[in-house]
Amino acid sequence: MRIDLFLWHARIVKTRAIAQALATAGRLRLDGRPIDRAAAPVRIGAVIAFATPAGRVRAIRVEALPARRGPPDEGRACYSDLLENGSHLAPGD
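In terms of the UniProt record's numbering, the sequence shown opens at residue 1 and continues consecutively.
FYI, nobody ran anything at the bench for these hints, they're computed from the structure. Backbone N, C-alpha and C fix where the C-beta goes; we use that ideal spot for every residue, glycine too. Just to be clear, a hint being listed does not mean it is correct.
Mimicking DMTMM-like on lysine to aspartate or glutamate, the simulated pairs with C-alpha atoms at most 25 Å apart in a straight line are [as the list claims (entries may be wrong)]:
#, residue 1, residue 2
1, K14, D31
2, K14, D81
3, K14, E84
4, K14, E63
5, K14, E74
6, K14, D73
7, K14, D36
Derived DEER-like restraints, expressed as beta-carbon distance ranges [to be verified]:
#, residue 1, residue 2, range
8, A46, T24, 14 to 20 Å
9, P71, P34, 27 to 33 Å
10, R56, P34, 14 to 20 Å
11, A25, D73, 16 to 22 Å
12, D73, P34, 27 to 33 Å
Put together the whole structure using the sequences plus the hints.
Now the structure itself:
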C-alpha cells in the first residue's frame with residue numbers, strides 16, 4: 001500500500017493531498033529512511049516517523065493495512081503509537 005493512502009485511510013492526516021505533500025517534502029521517514037515520494041510502499045511492521053505541526057515527533061508502527069477510510073476506531077486499529085507514553089519529552093514539555 002502507498003504511504004499516502006495508508007496515512008489517509010488510517011486517519012493520521014485529514015486529506016490525501018496533505019499526506020502526499022508530507023512525502024514529497026521529505027518530511028516522512030519509513031524505517032529510518034527519508035521518503036521523497038508518495039508512492040513509497042508500506043508493509044505491516046513498518047515504522048513511520050514524522051514531525052507534527054506542533055513540532056513534536058510522532059512514530060507509529062503499521063499493524064494492519066486498511067482497505068478503506070472507515071470510522072476513526074477502525075483507523076486507529078491499523079497502527080500503534082510508539083511514543084504515546086511521553087517519555088521522549090523534555091521535563092518542561
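Checked hints:
The straight-line distance between the Cα atoms of K14 and D31 is roughly 23 Å, inside the 25 Å bound, and the hint therefore holds. The hinted pair formed by K14 and D81 meets the criterion: a straight-line CA distance of about 18 Å does not exceed 25 Å. As the CA atoms of K14 and E84 are separated by approximately 20 Å, the hinted pair is consistent with the 25 Å bound. This hinted pair checks out: K14 and E63 have alpha carbons roughly 20 Å apart, not beyond 25 Å.
With a CA separation close to 15 Å, the supplied pair K14 and E74 stays within the 25 Å bound. About 15 Å separates the Cα atoms of K14 and D73, which keeps this hinted pair within 25 Å; it holds. At most 25 Å may separate the alpha-carbon atoms for a hinted pair to count; K14 and D36 meet this at roughly 20 Å. Take A46 and T24: their Cβ atoms lie about 19 Å apart, and the range 14 to 20 Å holds.
Our hint of 27 to 33 Å for P71 and P34 holds, since their Cβ atoms are close to 32 Å apart. Checked against the hint of 14 to 20 Å, the C-beta distance between R56 and P34 comes to roughly 19 Å, which is consistent with it. Between A25 and D73 the CB atoms are about 30 Å apart, so this pair departs from the stated range of 16 to 22 Å. Checked against the hint of 27 to 33 Å, the C-beta distance between D73 and P34 comes to roughly 31 Å, which is consistent with it.
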